[in-house]
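Take these sequences, add in the hints, and give me the full structure.
Each step along the sequence shown adds one to the number in the working numbering, with nothing skipped, and position 64 is 64.
A portion of the hints provided could be inaccurate.
Label pairs and their in silico Cβ distance ranges [claimed, not checked]:
1. A109 - R26: 42 to 50 angstroms
2. S51 - R26: 19 to 27 angstroms
3. E66 - G21: 47 to 55 angstroms
Worth flagging that the hints you see were computed from the coordinates, not collected in a lab.
From a predicted model like this one, the values you see are computed outputs, not experimental measurements.
Beta carbons are placed, not taken as given, at the ideal position from N, Cα and C, and that holds for glycine.
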Amino acid sequence: MAEQGIDSPRQALNKAAARLGCTDKRHLPEAEEVDAALLEYNRLFRPLTQSAELDRQRALALEAMEFLAEFDPHLTGAALDGTAGRHSSITLHVFAEAPEEVMRKLLDAHVPFRETSYRCRLRGENVIFPALSFYVDETPMDLCIFPATAAGRTASASNTEATASVRELRALLGKTAGTD
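Here is the structure:
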């Protein structure tokens with residue numbers, strides 16, 4: 001993941017298993033173990049560059065979140081959990097009455113994007129939500145669009161990854177800046 005730019009622990013595990021000829025997936029580590037190993041790898045082998053990249057991605061995320069404030073954005077994924085590297089995408093959860101509202105905001109700002117989808121587990125079922133992907137300063141950004149309803153909030157919260165609001169990200173950036 002650190003060297004080849006793979007974002008997904010599951011994808012990295014499958015690739016490693018195939019390379020090693022491992023057919024019994026029960027022996028593979030869990031995603032949390034992969035994330036812990038990635039954090040340790042970065043701490044040992046790339047402490048300065050990874051820290052700078054993480055700060056850069058978090059600053060870009062904050063800028064995007066402030067731009068999208070009307071959609072109550074929340075940061076999730078590698079930029080929040082500390083595993084982000086130069087190949088990682090920034091993932092934001094946003095909430096809108098209709099996905100077209102978010103599209104209109106990007107179109108009005110002349111931000112080219114492509115429509116994608118985001119899959120999450122909700123009450124044991126896979127549910128697909130609309131998503132938009134674009135680049136900010138050559139960094140991929142993914143907006144996962146949830147309905148601006150209680151059900152949409154529940155779907156976002158059911159995601160196993162932590163999320164951070166604008167206020168929480170500002171606090172995190174303040175802590176990071178204060179420790180350097």
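How the hints compare with the structure:
1. A109 - R26: 42 to 50 angstroms: About 47 angstroms separates the Cβ atoms of A109 and R26, which means 42 to 50 angstroms holds.
2. S51 - R26: 19 to 27 angstroms: Since the Cβ atoms of S51 and R26 sit about 35 angstroms apart, the hinted range of 19 to 27 angstroms is violated.
3. E66 - G21: 47 to 55 angstroms: holds (48 angstroms)
Hint compliance for this structure: hint 2 alone is broken.
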